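**Student:** So the sequences go chain by chain: A and B. Residue numbering for the first sequence follows the numbering used here, beginning at 1 and increasing consecutively. Residue numbering for the second sequence follows the numbering used here, beginning at 1 and increasing consecutively.
Just so you know, the hints here were simulated from the structure itself, not pulled from any lab data. Being a predicted model, the structure only gives us computed values, none of them experimental. Warning: the hint list may mix true and false statements.
Simulated crosslink set (DSSO-like; lysine-lysine; CA at most 27 Å straight-line) [unchecked claim]:
#	chain 1	residue 1	chain 2	residue 2
1	A	Lys79	A	Lys195
2	B	Lys59	B	Lys2
3	B	Lys64	A	Lys195
4	B	Lys26	A	Lys110
5	A	Lys110	A	Lys79
6	B	Lys19	A	Lys110
7	A	Lys110	B	Lys59
8	B	Lys59	A	Lys79
9	B	Lys53	B	Lys26
10	A	Lys110	B	Lys2
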Amino acid sequence: MKSAVITFPGSNRERDMARALKLVSGREPAMVWHGESELPTGTDLVVLPGGFSYGDYLRCGAIAAHAPIMTAVRNHARKGGLVMGVCNGFQILCEAELLPGILQRNAAMKFICRDVHLKIERSDTPFTRGYNAGQVIRVPVAHGEGSYFASEGTIGRLEAEGRVLFRYTDAEGKRDPNWNVNGALNSIAGVLNEKLNVLGLMPHPENHVESAVGCTDGRGLFAGLIAHFAQAA
Amino acid sequence: MKARVTVTLKNGVLDPQGKAIEGALKSLGVAGVASVRQGKVFDIELAEGDTAKAEATLKEAAEKLLANTVIENFRVEVTG
């Protein structure tokens, strides 16, 4: 699996992402600066990492969404290539309209940095084949603007088309307002585009891949992606 | 030519910042505040001298960047 991690001014989770990709796939990802106009030849997976691109000015991800590299990311997605945005990367994908909706200020107005439980809604996507549908994993979140919002019609369509991939739940996989840490509509933590090849999620699976940090629940996402490309090859 | 673009949240969109400001005003003893919705104001200077063209430029700016129309409305005013 050849992956590329896009770095914007103000990204700060790109090294965590690169480390996780290297650890699980055995292959160093290409680090691609936002000012580039092309992705490395043969890129399978593009990752937009977390951070505070452009200092979150205007709206989180709004300025990064127009960076030169985003044309290449858009083309990659259009051709069916995989794109994953985590945290600020999710915000950028929404602002770039590669994903519907927007991430709003957390309902409780606080920056949240803690572990959450995520229910995997389906396992038949390239991003979740390393998990079982209905499985609950524990991963950290770290954001101030992560409350997913979209129009009623869009939410209805996402639900009907099975495009809500991750949901905040309790440890048993039950929806619970107390575990919907940022007040997201329908407890949505991660969504897919129509073709199921673009994923955005607020939590950080890349931070739970090593036993030294006490949890490896995020590993399945990367292992699943590798299995996806191994099968395709 | 000077202009102002005002960006406000659409009705029904949750505004935790507005709520917090509302609460702060109440705790400051500012009487009679029923509710607060917060937004953004952009004061923009344009090289353009034609009002209609300026408005078209600002509308494009608002749609492409200044506002996210999933949650926000915008208003363009050429102020002279």
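**Student:** Evaluate each hint against the coordinates.
**Tutor:** Evaluated hints:
no. : hint                  : result
1   : A/Lys79 with A/Lys195 : 10 Å, holds
2   : B/Lys59 with B/Lys2   : 14 Å, holds
3   : B/Lys64 with A/Lys195 : 24 Å, holds
4   : B/Lys26 with A/Lys110 : 20 Å, holds
5   : A/Lys110 with A/Lys79 : 38 Å, violated
6   : B/Lys19 with A/Lys110 : 13 Å, holds
7   : A/Lys110 with B/Lys59 : 33 Å, violated
8   : B/Lys59 with A/Lys79  : 31 Å, violated
9   : B/Lys53 with B/Lys26  : 43 Å, violated
10  : A/Lys110 with B/Lys2  : 37 Å, violated
The structure does not agree with the numbered hints 5, 7, 8, 9 and 10 stated previously, though it agrees with the rest.
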